[in-house]
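Visitor: Here the structure of chain C is known, so what remains is to put chains R, Z, G, D and H in place on it, guided by the hints.
Residue numbers (my numbering), protein chains in the order written: chain C, 200 to 489; chain R, 200 to 489; chain Z, 200 to 489; chain G, 200 to 489; chain D, 200 to 489; chain H, 200 to 489.
Any given hint could turn out to be false.
It does not matter which identical chain is meant; a pair holds if it fits inside one copy or across any two.
When the alpha-carbon atoms are kept at most 27 Å apart in a straight line, the in silico DSSO-like pairs for lysine-lysine are as follows [to be verified]:
| # | residue 1 | residue 2 |
| --- | --- | --- |
| 1 | K442 | K458 |
| 2 | K442 | K368 |
| 3 | K253 | K368 |
| 4 | K253 | K449 |
| 5 | K253 | K442 |
| 6 | K458 | K368 |
| 7 | K449 | K368 |
| 8 | K253 | K458 |
Please keep in mind that the hints were generated in silico from the structure rather than gathered at the bench.
Number of protein chains: 6
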Amino acid sequence: MFYHDKELQYTVRVDRPNPAFARMLQQAIGGIEGEIRVCLHYLFQAWGTRGPVKYRDMLLETGTEEMAHIEMLATAVALNLEGAPTSLKDELAQDKIVGAVMGGMDPRHFLSAGLAAMAVDANGVPFNGFWVVGSGNTAADMYANVMAESTGRVLATRLWEMTDDPGMKDMLSFLIARDSMHQNQWLAVLEELGGVQGVHPIPNSFPQSQEVQQFSYAFVGTSVNDLGTPNGRWTQEPSIDDKGEFHVVKAQPLGGEPKLAPPVPEGDAQVEQMTLTDTIMGNIKDTMGL
Amino acid sequence: MFYHDKELQYTVRVDRPNPAFARMLQQAIGGIEGEIRVCLHYLFQAWGTRGPVKYRDMLLETGTEEMAHIEMLATAVALNLEGAPTSLKDELAQDKIVGAVMGGMDPRHFLSAGLAAMAVDANGVPFNGFWVVGSGNTAADMYANVMAESTGRVLATRLWEMTDDPGMKDMLSFLIARDSMHQNQWLAVLEELGGVQGVHPIPNSFPQSQEVQQFSYAFVGTSVNDLGTPNGRWTQEPSIDDKGEFHVVKAQPLGGEPKLAPPVPEGDAQVEQMTLTDTIMGNIKDTMGL
Amino acid sequence: MFYHDKELQYTVRVDRPNPAFARMLQQAIGGIEGEIRVCLHYLFQAWGTRGPVKYRDMLLETGTEEMAHIEMLATAVALNLEGAPTSLKDELAQDKIVGAVMGGMDPRHFLSAGLAAMAVDANGVPFNGFWVVGSGNTAADMYANVMAESTGRVLATRLWEMTDDPGMKDMLSFLIARDSMHQNQWLAVLEELGGVQGVHPIPNSFPQSQEVQQFSYAFVGTSVNDLGTPNGRWTQEPSIDDKGEFHVVKAQPLGGEPKLAPPVPEGDAQVEQMTLTDTIMGNIKDTMGL
Amino acid sequence: MFYHDKELQYTVRVDRPNPAFARMLQQAIGGIEGEIRVCLHYLFQAWGTRGPVKYRDMLLETGTEEMAHIEMLATAVALNLEGAPTSLKDELAQDKIVGAVMGGMDPRHFLSAGLAAMAVDANGVPFNGFWVVGSGNTAADMYANVMAESTGRVLATRLWEMTDDPGMKDMLSFLIARDSMHQNQWLAVLEELGGVQGVHPIPNSFPQSQEVQQFSYAFVGTSVNDLGTPNGRWTQEPSIDDKGEFHVVKAQPLGGEPKLAPPVPEGDAQVEQMTLTDTIMGNIKDTMGL
Amino acid sequence: MFYHDKELQYTVRVDRPNPAFARMLQQAIGGIEGEIRVCLHYLFQAWGTRGPVKYRDMLLETGTEEMAHIEMLATAVALNLEGAPTSLKDELAQDKIVGAVMGGMDPRHFLSAGLAAMAVDANGVPFNGFWVVGSGNTAADMYANVMAESTGRVLATRLWEMTDDPGMKDMLSFLIARDSMHQNQWLAVLEELGGVQGVHPIPNSFPQSQEVQQFSYAFVGTSVNDLGTPNGRWTQEPSIDDKGEFHVVKAQPLGGEPKLAPPVPEGDAQVEQMTLTDTIMGNIKDTMGL
Amino acid sequence: MFYHDKELQYTVRVDRPNPAFARMLQQAIGGIEGEIRVCLHYLFQAWGTRGPVKYRDMLLETGTEEMAHIEMLATAVALNLEGAPTSLKDELAQDKIVGAVMGGMDPRHFLSAGLAAMAVDANGVPFNGFWVVGSGNTAADMYANVMAESTGRVLATRLWEMTDDPGMKDMLSFLIARDSMHQNQWLAVLEELGGVQGVHPIPNSFPQSQEVQQFSYAFVGTSVNDLGTPNGRWTQEPSIDDKGEFHVVKAQPLGGEPKLAPPVPEGDAQVEQMTLTDTIMGNIKDTMGL
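If we strip away everything but chain C, and leave its shape as in the complex, we get:
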């Protein structure tokens, strides 16, 4: 279960409120690269962990920390919205900067939230529960986590580049540091689980003998001409998981043309879909002497 403290994990200070930056920060709250996502990532993974309990415990620790990050960002949004323009009156014509700012801010920050944060992204599109990944396979989950912290840190550094407000830069420098740790943290679990050669191909519990093995380490070139296939580490030498040898094959159709049955009568296709098919079938029967 959970507890709280009225104080923030780290200082949130806004020196010059900027409602357009408030909108940008929403991406780090309710966006697909944002903190609600990683928070629920880690908590749902913890609650569903089957296997070694220490991963569950660790996921709970960090999922709880992420709650505090959402709180920091929500506070930063509210502070950036103080003094925001809330009018489309004549100032729009007279003061072009108001129009620009109004155009750049999320109008729902005023209309729906009264100058506070929402569970949406920088375009006002809501957070979505499908982004929460907990697959039941710890290695797959760790890659989901590394990926989330990587796109999350890219977002945070871009926000850092975008502002020159010292308070906001300081807050983001803290969050960027945490993303550095968390990338390393999930990589550390992958190392414990056997490292790249131990964990791949994920899931490593499925017997590779059941694969169509001539395609397990083949780079399939789909270029229509011969110029396309780019060489790289992925076309030669042992595979990264050390269980095969990379090589290149040209794409070829092995599956023939698919053939579907005619429509069923109760499916209410057009008559012509049925008739023509009957004709074709008739032809076939004729050919076969039936």
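Guide: Same frame as chain C, now just chains R, Z, G, D and H:
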């Protein structure tokens, strides 16, 4: 640009059509772990690649291959739906198996699609463009790709476990093999980009001197008591990116209590939100002798 | 900021795992009446509170408690999924009960989550950030909260009716009790804010003199004949907010027919939309002797 | 503005309630082929009509009728849910039919709605405002309407095939008849607007001289080999709009390889994306003797 | 069933068209606080009402009125869009005001709708059928309605503050008045149903003896230290429903640590998840002398 | 299966990059009128075609071409974003044009994608798999296709009007030409399938004798007074499908008032919903002497 062939990349054969399995296969088409996602992942990453052009070329090769996988799965869905029950008439009472199957299939396979595949997941929830990740940072994208192929291969192996139809098992064995290759392929790019120590923390172009560095490699324990912090590779020794030393700190609030301004009049809060605030402000003024 | 404890707030025990009930419980996690919603409701309201700080403090207390409820329900889902059928093999034909259960469970519980909870509702539709209400008006927010706890308690009692598993009934009895408290808690804030007569119409800071007042307390009957208007407390006596007198008026069009300008040329309407309009305009000009 | 009547437009009678059929009917309420869609289609088109006012008037007439269809279907759902199983107790084991029905019904019909209709489709996915088409081009809108009534009638006939309840068959026979009329109604507008040759290509107000005209009536064959191009009305003879001559061309790349600039520094790509590009640029400079 | 009139319920006049205000008005059409929502709220509640028929009749009256409000707002959007900039040509550089307005308007108003209203919110996010609440419990529904009219009136007053167009202010003054009435109307039903003490806890048909009663009126404090619990009406005196006595308890974990079974083999977790678990189980067996 | 070429189908040249236009182009990629939609339309229709195989073959040809259109537009977005402002620093105050452009662009183009295209529309709302129509009825599908190419060409011409960049105008002129062809192409299939009189009412395989035929060709007037019914082709003469005669009828309720059963006890309605109903039922019984 793109070309096609009327034939499939690999054999799609259904020995005993099963409309409930058709529903399951939808997860691999329009689900978050599915093939539309990886196809658009690779193509959008290719179209937006800035930097070495060989990654663009390679992403195009594999994005194009994934089109063929969607096609195989869509064909498999259509074939599994042949002979599906399309009635809720008296058979429901008389033949319990019809009810069970009808309950287990996606009714929209009949109602909306006339016994064919759709761009949805196993619960009929539509594919969503937000799942397509192309961040502009190649290393972050590669982790998104490893993650997609990992959850994708976990899904494919579970589908393989779920069926005993030899045709479906064969098709899935091919797709599982391709996922093995693709996990390795994206890891190979990460190796080319410098390996774990070279690419992390992602983005590696942001100067770590700008982070709040005492938190860059600290595991923050949020347990309310002292029993919680689990030891592991993430609490000791050099960090995985070899740029710091893992250590543990107990969570502490460094940010104080946040203070927001009172509501603006045009925001139409309740009067009491304003009045009470005025009172508080009055108190402050009194204290200050104003 | 936030802290956690490895233990649950209340016992979660499943005596007879039932994967179909696991699906039902998802409604209380990621559904619109569920616990992720109320948790984010209270936390976002807290983080955006402008005005008396004691409401912020109280919202934080209860938002944090709701985290523990999500955790309890996620645990209950995972426990109900133990032993779930994960196959569509021949058993389907031989053991009808497997088919029924498989039809009744969410297949993504196995395919996507490996027998654990997800951030979705009972039909696998994801949680959505738009459900999180924080309007900046405390009274409106309190009604959002009463509503959420009312539909939430209705859901919980229906789940209680649906199962006869003693462990699940016990867990739900706890959650139902908490919903009783929380309904009362938000009503208590409304009482503090002035009670029904004090808070309404919400927002109470907007001057009612600016309304078109003859319609402020009129029940507008839209029945096409005279039989329709139902009498009730809303058609007579002083209004509930005691600021007007209820009365009935029959719906009448006061606004005339709307007239839009013809399409702009760059909007690429059909030529006929422009031509016919010109003709009509020509007619008008003729009539006017222009 | 709008008025109502307490009575239904046509009889809604359910002889044998069937909760699984209630779920199917939801597709005709909140599904993409359903009545909320066409209702809002016609009303939003009416409210936005620019040009001849008679189309506005007609759209209002029919949009209002569609309200009555939603009402009929919502009533049919409620009646089909009477007597639905609301329990997962021991009956599941003892009475397989209950399990089957429970698996086949939408559990939210009980959990969220107390045995009534919702604004969702047959899988519980919500109605979505993007399905409402009003383009500002009357001809495009009419095709949207013909399409909606065509997929709508296909859905209604499939529902008719699926049930043998006389009351439900009767209700559906009425709705199917209305769809026949409405398909004809929108085609009649297209005839008034000039017929196929008059309205196409839509928008007909854009000068075709601005098109890259050699591609305006060319069927582009994308087959990788020469066997693929299927002959039909679309490969020969004057085009349907009579403004060109159908012919076939083989797909050829006319656009060269795209070249994007290197990443901007503040975009925080990986260093290698920048470095390698610098190298390449260096090479170019060397070659150019700079 | 439903009827219409070509005239509007109340005057819709736009003195100075403002495309940015058109965007704001979309929130009141297709936004979560908007009129499509309340319209479908009342109609779906009416169609699903079980119990006293007079509530059904009243809901139909008001649901039908809301149709007219959508129509008024859609007309207001179309009128505000007349004269909107539809170009990103050189004017952008020359006339900063055009750029500001273009930035502030919804580009889809031109691109998708030809200068007319859409079923979306102020950020172009579509209306969503999940916002339509009809729970089957009349009291819960009434709170949903009070909440919708409260957030709706807050939105309408904010829109009123935002504009100085006399026509728009007049139209909004009418809608604000209707919201005053509707808040009172739903409260009147709650009074008829027994008032606060009669209706709570909702549902009042569930026996409170089945709750874990020591938690039914307890404010649970989750603060990690003792300073957090805020006093208020909710911590003392009889509860608002008069069925208990408010009191405060400190959060304590009563549920122990959850324990999940190891992953099933066919779930394709990582081998290490299974192995380590076996080891742990082995240790337990050793300890137990097995 | 599919193949690709590194070159584009047609030239994509941007003479003056404009990040606001990049946002507009997103509507043609991931918007409801965009190219991802038509691409998946044609491919899913092909993969699900039952009946004459030549339609399958043709759909594959054109679905593959649409892939190349997405690629062209994605490239155009990336090129328009080169040089985009990526800062909200003091320039905002100093250089109004930066603010205007920043307000007009999609911030996620920088924050999430590093200046590249995404699978979203002009407001950043994601592509959605429900827009992909494949009904199993070829005629209905063809109308879906004509509609998609009609709204698509309207969008493309509006984009053409909006820009004066010669490169962008040239690219759009190509896409507009392809839309002309594709409108004709799907109309050609409808001609092959029997023309308007042959294909309607869709589905033509459902026996019209099963319709409530007096309503099959009746225009139902829902005006509350007699002034409303607009005359047109749809009120007189033979119907467009030549299977009936258009005529007008005034809307009349034929279905009586619906009656639902009282709530079931386990549905946890309010007691008053049950009690009052019992009372009413009691009254009825009294009246009937029971």
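Visitor: It remains to establish, for every hint, whether it holds in the given structure.
Guide: Against the structure, the hints come out as follows:
1. K442 x K458: So K442 and K458 fail the 27 Å test inside a copy (37 Å) and across (35 Å) alike.
2. K442 x K368: Answer is between: at 22 Å across copies they meet the 27 Å cutoff, but 46 Å inside does not.
3. K253 x K368: Neither. Shortest intra-copy (35 Å) and inter-copy (30 Å) distances fail the 27 Å Cα cut-off.
4. K253 x K449: The answer is between: 18 Å across copies meets 27 Å, while 46 Å in one copy does not.
5. K253 x K442: between (29 Å within a copy, 25 Å between copies)
6. K458 x K368: So K458 and K368 pass the 27 Å test across copies only (19 Å; inside, 60 Å).
7. K449 x K368: between (50 Å within a copy, 24 Å between copies)
8. K253 x K458: For K253 and K458, only the inter-copy Cα distance (12 Å) is at most 27 Å; the intra-copy one is 51 Å.
Hint compliance for this structure: hints 1, 3 are broken, all remaining hints hold.
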